[in-house]
Amino acid sequence: MTRARTTYRYLFILLLNVCVLLPAKTMLAQEDTTVTAAEDDEEEAPARKKYTGGHQLTFGVDMFHPVMAQWATDRKTYEGEVTLYLKNEYYAVAEGGWGSGTVNYPDLKYNTNNYFARVGFNKSVLYRESEKDWDLMFIGLRAAGGSLSRSAASYMIVDTVWGNTTGYASPKSFPVFWVEITTGMRVELLPRIMAGWNIRGKFLMNGRSFADLAPLHIAGFGRGDKNSSFDFNLYLVYALRWDRRASGSKQG
Amino acid sequence: MAALVLLFTALGSACKRDRQPCLTPRIATVKTRMVRVGADNKVVDSPLRAAIFLPDSDVDSVARLYAKSSTFTLTLSQLADTCRWYIAADSAVGSAIDTVDFRYSRKLNFISNACGYNYLFTLLSVTSTHNFIDSIKTEDANVSNDASKNNIQVFIHPAP
Numbered sequence: 001m002t003r004a005r006t007t008y009r010y011l012f013i014l015l016l017n018v019c020v021l022l023p024a025k026t027m028l029a030q031e032d033t034t035v036t037a038a039e040d041d042e043e044e045a046p047a048r049k050k051y052t053g054g055h056q057l058t059f060g061v062d063m064f065h066p067v068m069a070q071w072a073t074d075r076k077t078y079e080g081e082v083t084l085y086l087k088n089e090y091y092a093v094a095e096g097g098w099g100s101g102t103v104n105y106p107d108l109k110y111n112t113n114n115y116f117a118r119v120g121f122n123k124s125v126l127y128r129e130s131e132k133d134w135d136l137m138f139i140g141l142r143a144a145g146g147s148l149s150r151s152a153a154s155y156m157i158v159d160t161v162w163g164n165t166t167g168y169a170s171p172k173s174f175p176v177f178w179v180e181i182t183t184g185m186r187v188e189l190l191p192r193i194m195a196g197w198n199i200r201g202k203f204l205m206n207g208r209s210f211a212d213l214a215p216l217h218i219a220g221f222g223r224g225d226k227n228s229s230f231d232f233n234l235y236l237v238y239a240l241r242w243d244r245r246a247s248g249s250k251q252g
Numbered sequence: 001m002a003a004l005v006l007l008f009t010a011l012g013s014a015c016k017r018d019r020q021p022c023l024t025p026r027i028a029t030v031k032t033r034m035v036r037v038g039a040d041n042k043v044v045d046s047p048l049r050a051a052i053f054l055p056d057s058d059v060d061s062v063a064r065l066y067a068k069s070s071t072f073t074l075t076l077s078q079l080a081d082t083c084r085w086y087i088a089a090d091s092a093v094g095s096a097i098d099t100v101d102f103r104y105s106r107k108l109n110f111i112s113n114a115c116g117y118n119y120l121f122t123l124l125s126v127t128s129t130h131n132f133i134d135s136i137k138t139e140d141a142n143v144s145n146d147a148s149k150n151n152i153q154v155f156i157h158p159a160p
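So the protein sequences, as listed, match chains A and B.
All residue numbers for the first sequence refer to our numbering, where the first residue is 1 and numbers rise by one.
All residue numbers for the second sequence refer to our numbering, where the first residue is 1 and numbers rise by one.
Excised from the complex, chain B in its bound form (with noise of 0.2 Å):
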């Protein structure tokens, strides 16, 4: 009999259960990806050297620093349809900033249990001022947890 307790009771702390982490992210993303075109019409990667994201929110957002990197992963609002960043190529004063409006559509995503729901996004369109941004074009308008599919490129004015 006490070793039916026993049993029971391991089996009872065995089988109690705790909400697994959650291995996905929880945040869909914009993968966004600066380039130029080259001397001879490719497109080559076009490092931003201390880049400033700035997302335009009520919510009391810290502008984001980046090293130099050619790749930046922006969200979206998950309360309206549309929102702008506020990007400086440089950290330096006086370098130029441009505004990037995304609008898009949203669709609510069940994760998992232990993830809970998340927002995954189709872009409609991307605009941009041009200080030194030149164009963007959208690669991949589904906006997921996908890490590997890159979703907009951003061209930068060539170097004067």
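This is chain A alone, in the form it adopts within the complex (with noise of 0.2 Å):
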């Protein structure tokens, strides 16, 4: 009996060290290695190239919206981008979309329809290893306009002491502008074919233009009774590239 207790403590005194002994060990082995991978680098590793040359004109088509609108059945947006390429990881952007909204409650009915524009650039913050390679991260800035018709809005004010209201306000078009900060990337799936995405985050500057009725939905923007709005695109892109012999690479 005594002797079966001595051999199970020593069993798990033996598993406790491997328990113990082993990540630590691979975690020293692992150290090790980086650091050896580090010093090859120092010694190995050939200065990166840097191309900034080429030419590459896109045209996108925001496939996010048109999908999520089979949900979001109130709201619609269709948008494209158009972008060249500059220099020195700077791209040229225009883009530009119609959209409606559409607001259904039983005290307040009313539709609006709009269209925008914006304009700005991207600015990669990944090199391009070679002249063919035009897979970028970006960031970028954008400043956005459009115009916005509603239709006339028919409301009731329900009031149970002295009677309900109901009433029409007449209709209106406004103009709207906002600017715009985006992130994103663009990848190469196919030759000429890319795909990626924006995440951008919209700031209103004549919100107060809406006092009487903001608009639920502005497209291009996002709600319009607030004054700064969060957004997301998936982008199918073509992209045209030319004179690509006379692309010249820089040292970087």
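Don't read these hints as lab results, they were simulated from the structure.
Hints may contain errors.
The calculated lysine-lysine pairs, modelled on DSS-like cross-linking and capped at a C-alpha distance of 30 Å, are [what the hints assert, rightly or not]:
no.: 1; chain 1: B; residue 1: LYS107; chain 2: A; residue 2: LYS226
no.: 2; chain 1: A; residue 1: LYS123; chain 2: A; residue 2: LYS87
no.: 3; chain 1: A; residue 1: LYS172; chain 2: B; residue 2: LYS107
no.: 4; chain 1: A; residue 1: LYS109; chain 2: A; residue 2: LYS226
no.: 5; chain 1: B; residue 1: LYS107; chain 2: B; residue 2: LYS68
no.: 6; chain 1: A; residue 1: LYS109; chain 2: B; residue 2: LYS107
no.: 7; chain 1: A; residue 1: LYS50; chain 2: A; residue 2: LYS132
no.: 8; chain 1: B; residue 1: LYS149; chain 2: B; residue 2: LYS137
no.: 9; chain 1: A; residue 1: LYS226; chain 2: A; residue 2: LYS123
no.: 10; chain 1: A; residue 1: LYS172; chain 2: A; residue 2: LYS76
no.: 11; chain 1: B; residue 1: LYS149; chain 2: A; residue 2: LYS226
no.: 12; chain 1: A; residue 1: LYS123; chain 2: A; residue 2: LYS50
Pairwise CB distance ranges (calculated) [said to hold, decoys possible]:
no.: 13; chain 1: A; residue 1: GLY167; chain 2: B; residue 2: VAL62; range: 25 to 31 Å
no.: 14; chain 1: A; residue 1: TRP71; chain 2: B; residue 2: ASN142; range: 19 to 25 Å
no.: 15; chain 1: B; residue 1: ASP56; chain 2: A; residue 2: ASN104; range: 31 to 37 Å
Cβ coordinates follow ideal geometry from the N, Cα and C atoms, glycine included.
Hints are included, so try docking the two chains, each in its own frame, into the full complex.
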């Protein structure tokens, strides 16, 4: 009995040692490898080349909002983008689109339609490693504007004491201005076919224009009754490229 | 591909936009305070023991019976520029009853998409009979959703 207990005790200590020491050894081995790899990099890694030339014109369409419209049927947004590579990893960007919104509550009903355009730039934060490498991760800025038309809004004010009131707010058109910061990426899936996403933070510049009835949806911006908005796009892009041979490479 | 469909479905469900709850009062009310002039000429609250308020409305309105209080809220008609309330100082039979007439201007106001529209009012005059009400003073003529501002002071006859 005592011998069996001693055996179990030694077995427990052995297992404990294995559990503690094996991961520690693995960690040490990884550190050694990392240090060795870092030393190797310092000694052997060649200087990376940075390509900044070439010409690219892309045409993209947003796939995200049309798909979302299948669920959120009260608002629609269709948009696309055109980008032109300038130089030094800067891309000129023009975007545009249109959309609509429907508010159909028991006490408030109206429709909105608007179109919009954005101009700005993307700056790639990744080096292009070859003249064929057009993948990019970027940050960008946009200035955006559009025109929104709102139908007559019918309303009902419920008052159980004096009686309900119904009426119409006359139709109106508004200019809309906002600015955006964006980040995203594009990856070439097939030759000349790219895909990628944008995340956008948007800031309405003339929100006070909507004091008499803030539209629930502004295509391209988001909620009209908020001064800031967050949005996401998923782009499918076709790229035109030319004059590849002239795209000189520079040492980074 | 399945992951993409799942992602879109999840995002679609998340993006489905239900109407947000309305957290603002939809009806602007006249904040009313019952007061009397105290012994040292100071204005003090004068609670009504069991006041009854009845609107002179075409709608089948129910009289409001209040527990002992010196502050009340009255609504104004959105259908006209005048309205009348009957106020009984007490629910006891034979209690004094006064009529209070409001004259005002109306302004349509968009609250939000969650709440819709309401009317804001500007009091032009408030008059009454004088059974238990001595006089009415307008403190703030702008009748809005702001619950912190008192609109009128109703001076009650001092108790005999």
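Status of the hints after comparison with the structure:
The hinted pair formed by B:LYS107 and A:LYS226 meets the criterion: a straight-line CA distance of about 24 Å does not exceed 30 Å. Pair hint A:LYS123 plus A:LYS87 holds up; C-alpha atoms about 10 Å apart against a cutoff of 30 Å. Between A:LYS172 and B:LYS107 the alpha-carbon distance is near 19 Å, which keeps this suggested pair within the 30 Å criterion. A C-alpha spacing of about 19 Å is found between A:LYS109 and A:LYS226, which places the hinted pair at or below 30 Å, so the restraint holds.
Restraint check for B:LYS107 and B:LYS68: not satisfied, since their Cα atoms lie roughly 33 Å apart, outside the 30 Å limit. Annotation: proposed proximity of A:LYS109 to B:LYS107 holds, straight-line Cα distance about 20 Å (limit 30 Å). With a C-alpha separation of about 12 Å, the suggested pairing of A:LYS50 with A:LYS132 holds against the 30 Å cut-off. Of the pairs offered as hints, the one joining B:LYS149 and B:LYS137 holds, with about 14 Å between alpha carbons and a cut-off of 30 Å not exceeded.
In summary, the hint linking A:LYS226 to A:LYS123 is supported, as the alpha carbons are separated by about 28 Å, within the 30 Å threshold. Annotation: proposed proximity of A:LYS172 to A:LYS76 holds, straight-line Cα distance about 20 Å (limit 30 Å). About 27 Å separates the Cα atoms of B:LYS149 and A:LYS226, which keeps this hinted pair within 30 Å; it holds. Restraint check for A:LYS123 and A:LYS50: the C-alpha separation of about 15 Å stays at or below 30 Å, so the hint holds.
About 26 Å separates the C-beta atoms of A:GLY167 and B:VAL62, a value consistent with the hinted range of 25 to 31 Å. Checked against the given bound of 19 to 25 Å, the beta carbons of A:TRP71 and B:ASN142, roughly 43 Å apart, lie outside it. A C-beta distance of roughly 36 Å is found between B:ASP56 and A:ASN104, which places it inside the suggested range of 31 to 37 Å.
Hint compliance for this structure: hints 5, 14 are not met, and every other hint is.
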